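There are 4 protein chains.
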Amino acid sequence: MTDGEPIRDIAHLGTVELFSPKIDRSLWYFRDVLGMEIAHTAESAVYLRGYGDYATATLKLTPAAKPGVGCVAWRAVSPQALERRVAAIEAAGLGLGWSNGDFGRGVSYRFHDPDGHLMEIYYAEEKFVAPADSRSALKNQPQKYPARGVGVRRLDHLALLANEVPTNRRFAQDVLGFQLREQVIFDHGRTEIGSWMSPTAAHHEIAYLRDFRGGQGRLHHVSFWVDTRDDVLRAADILSENGIFLEVSPSKHNNSQGFSLYSYEPGGNRIEVYTGSFLVFAPDWEPVTWNEEERGTGTYWGSALPDSFLKYATPDIGTGKDTEIPQLPVFF
Amino acid sequence: MTDGEPIRDIAHLGTVELFSPKIDRSLWYFRDVLGMEIAHTAESAVYLRGYGDYATATLKLTPAAKPGVGCVAWRAVSPQALERRVAAIEAAGLGLGWSNGDFGRGVSYRFHDPDGHLMEIYYAEEKFVAPADSRSALKNQPQKYPARGVGVRRLDHLALLANEVPTNRRFAQDVLGFQLREQVIFDHGRTEIGSWMSPTAAHHEIAYLRDFRGGQGRLHHVSFWVDTRDDVLRAADILSENGIFLEVSPSKHNNSQGFSLYSYEPGGNRIEVYTGSFLVFAPDWEPVTWNEEERGTGTYWGSALPDSFLKYATPDIGTGKDTEIPQLPVFF
Amino acid sequence: MTDGEPIRDIAHLGTVELFSPKIDRSLWYFRDVLGMEIAHTAESAVYLRGYGDYATATLKLTPAAKPGVGCVAWRAVSPQALERRVAAIEAAGLGLGWSNGDFGRGVSYRFHDPDGHLMEIYYAEEKFVAPADSRSALKNQPQKYPARGVGVRRLDHLALLANEVPTNRRFAQDVLGFQLREQVIFDHGRTEIGSWMSPTAAHHEIAYLRDFRGGQGRLHHVSFWVDTRDDVLRAADILSENGIFLEVSPSKHNNSQGFSLYSYEPGGNRIEVYTGSFLVFAPDWEPVTWNEEERGTGTYWGSALPDSFLKYATPDIGTGKDTEIPQLPVFF
Amino acid sequence: MTDGEPIRDIAHLGTVELFSPKIDRSLWYFRDVLGMEIAHTAESAVYLRGYGDYATATLKLTPAAKPGVGCVAWRAVSPQALERRVAAIEAAGLGLGWSNGDFGRGVSYRFHDPDGHLMEIYYAEEKFVAPADSRSALKNQPQKYPARGVGVRRLDHLALLANEVPTNRRFAQDVLGFQLREQVIFDHGRTEIGSWMSPTAAHHEIAYLRDFRGGQGRLHHVSFWVDTRDDVLRAADILSENGIFLEVSPSKHNNSQGFSLYSYEPGGNRIEVYTGSFLVFAPDWEPVTWNEEERGTGTYWGSALPDSFLKYATPDIGTGKDTEIPQLPVFF
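Protein chains in written order, with our numbering: chain E, 1 to 332; chain B, 1 to 332; chain Y, 1 to 332; chain V, 1 to 332.
Check before you lean on any hint, since a few could be wrong.
Here are some chain E residues pointing at chain V (derived, C-beta under 8 Å) [stated by the list, open to error]: (1) ALA202; (2) LEU279; (3) TRP290.
Since the hints were derived computationally from the structure, they do not count as laboratory data.
No experiment lies behind these values; they were computed from the predicted model shown.
C-beta: ideal position from N, C-alpha, C; glycine also.
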């Protein structure tokens, strides 16, 4: 940490809170279609987890007038690491203060990223202990594979929109200590369209993408992990059979080499079912950058992404600035 | 048919009836674990189907004191084909006569194979029409993919034990018109251990395997199709999580190149989850034969099959003649 | 055959001849990228096969000024079946006469389909016998899996353009005896856009698609089989790494439920790498038809097909009648 | 690092050196069958890499009279981390001193683990830069996917035998700073059969397994990563077609949930082709332990591991102490 050594105080993405104007349908989507488990039902929210999440809850669904992202929680690697990050956040002037912690948690420290997304950081947490009837045959698996719907294993990452990607990217690097993995930069290096970062060997746990419509605190997508590419293909079948709109059918990203699909949960938020990608073990990884020409060919295998992929985010804020959206395809 | 042309009067395996001494648990296995659908519940039996079976029912579960196979039904390609096969069966002295047909069927003609297994042949049949809430998004799929448990697509094939494999094999070839695809023959061509046959381009829809214990009318296994090798691996996870004994974990057969696993349903019958294999389009296919040495290496990738695979069948009849079972591995 | 019984005289698609203006690059594509084997090199053509093709050759590559399809060969199920089909073809006035047979063949009878595609039918054929160093560890596999490039297993099917789909479809049904499996029909049943047919349990071995540009004897695509959906995904990686244009990246068809990708071989012909789909065993299969609305949603998972998929065929004949191409998406 | 915070100074497993008495055949195995690339050929050794390895070389093949493992190299996360680990190793009395570094490396510090395996630690390293003709279409992939043989992506982990697992495990934890992930412990907690550890989120990068035959410095296996379970199945086909003995055909481990197969490379060393498993992000992961009964069921899906899996290691040292090998199955 001293002498220019990298900060490694964040253990992983912990929980994402999603707002839904159709909470019952959203619950059906996450529980019956994606195959997640309901961990806890409170008055103000429902908490869910994937069968492979070791935490008690990784997704919080909160009823709201509009879709979007609520609090994004990060777990620290130790109590000391938590203190170090809180000090850094406060020094950056973005701190909000300590809270008692959400369901299954000890205290957490809340803050905003520069774009205004609410975040928190915590260390103390309850581990999930499966009830007898959902215990796995595998001692190293938090619970039985449910074999219901898609069967997503765990929360993987999220992508946030930001008016100024560089400001938010630098905050994530300098204050939170994330490593920069890949970037899309247009206009001969002048326009940062997107940056992918991670606190771990996972390729990315967060991305900041440019908000072309000038919103604030908006969400591009939340992503859940499945183990195989066949699971993604099977997910496409299951989502189709359940009448859920697939915005992007299974395809391979250039960036991260992830293999995934995107759908909208009934509340309106974009959800990815994701696998593949690669781990980054190199301590001196050099961020990979892509320009207009390199992204102009589409996803890795050449299928185009729909316009909505650039334009739609939650909450939706209309089409005011769409003329500024680049005509060149910008394939994330 | 004349001039030495092959008989092609059987369209496909239609239904298999299984006896179960634990009907409720067997239903749980086929419905909740394998993911089949209940098509009809009668006083004396429950009828099920896979989501891809075009027929109203392909599996009949009948309560009984012991496990085993009941009636094996074959569909004819036309009314004329049905008549031709009935004439041939009667000429062979194995006919039992016409019946009114089982659930969803028109008349069928019942008979025994030389080993005493009950069979029937029919043409008239109701097609399955999915109720509105289980209609598929695909017009060419009989019903919605259920996304429950393993999700087997359809009935595929079955393997019967026989005291005299050659006699039963010749009956299937000459009287039913099946094509011989592969054989395991030991003792320098003198002992026919097993023969795999089919009325269609599918590699095999029936196999006769030697009953080393000298039983009669017994069942080795019934097999259900899934679309991918990943589905078989996923099935292994699901069966394990549900506490079901896997007699043979996922592996690739030499014979047929099928990729599959075997478990016992709670009633005691051996059930295969199967995919892969290859289609046989050659009209002049030369049956492939395997001797002791060629089978001594185990399954294609070398994993051994357990003793039970040779010894256990339903109904179980004790160990009287086990000393006659070849010491050399006989890998089906 | 009498009494309204179906004709079943064709065993399977035997060989497709492709014309290539860049024969060396085409050979590289089929041998090094798709992983096929060169079976025979003659002065006028090169013959290839997939590792799972039982015939000596299934693809004939012929140097030519323009890409396109040459002779499409069908194997009969017996010498008698061959005679019956020849009689029917002659009665239809489309016969060309007997030829001595191509490489690895006995005599064949040549004819045109109504749109002018050259075809032939044969029975006598040499089986492929692998040389010692390419013999498979599996007795039932014609040769060793090469583990080079994509590794396509065998020729699967082809799709031809026709000015009048109904005329050609009826020829295939009535004269060749193919079964009709699926159709795309627009304008309230008046415009037959495409028809998929098969002589076997394979969903389709030939399709006739409407030639919107009014050409004659043109080719839409030839398709090669791989065993798994993962093989198709891997093929997409391999084709991408070799700089080959993917016209359609891996996706699932509504029609046939096939999972596949399309690329152009360097000579210009569209080639599909294909798997999945389903077998049709029902002797009374009712053809599935799709109208504008049902196809307007794109491929099964919703990804759009590019314009070229409707407009480009080999040989290419310019854009004269493109205004007649339906504005509605027509997804094959 | 202070205040009880975990040591995180090792970035990942860097290189494994294997001894081979049949260097040409070993090269054929790693290059033509596994599909690795030759990075460098020196007088005394050949260096290889997988297409996804970012380092210049990850496998060093050294001709020798007997098979076994040579130097195991670990990369540090920073120059400071390197210094810290060297100090700790020297304090533990196991240091050998600095060397000039192997091919593609800066200086490295050599040491022995308590069981006598040679290891080294380094920071400075050349990154692999692909020559023009093997550059990938993906900017974030070190080189083109070769599409030759199995196509392993990268070095994953290794398993070493040790006379005293606890001593070596504590060395790895306390001196190298690895996290303990899983253990097999028999005799009511008294006999540590194996321990799996990692410096990263990867489940394990090293395992110590008990050397029942009392050897020293021996190797159980080296493992290479492929991306999908289908790749492992395909590897089984490729190894079988090449006449390579599969000691363990594709199966799923209880421990780590890895999906893999084991073969012997022609030099005699056991090589695993591996995928699946799960990442460990929890900073407070509690090691999972398995006793006799829990391992007595075999691999996760119940297939037995052969005796050789417990008894054979390289170099082989005969059967002197085999009577001490537990009769209970010990499934790794």
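Verification of the hints:
no.: 1; hint: ALA202; verdict: holds (7 Å)
no.: 2; hint: LEU279; verdict: holds (7 Å)
no.: 3; hint: TRP290; verdict: holds (7 Å)
Checked against the numbered hints above, the structure breaks none of them.
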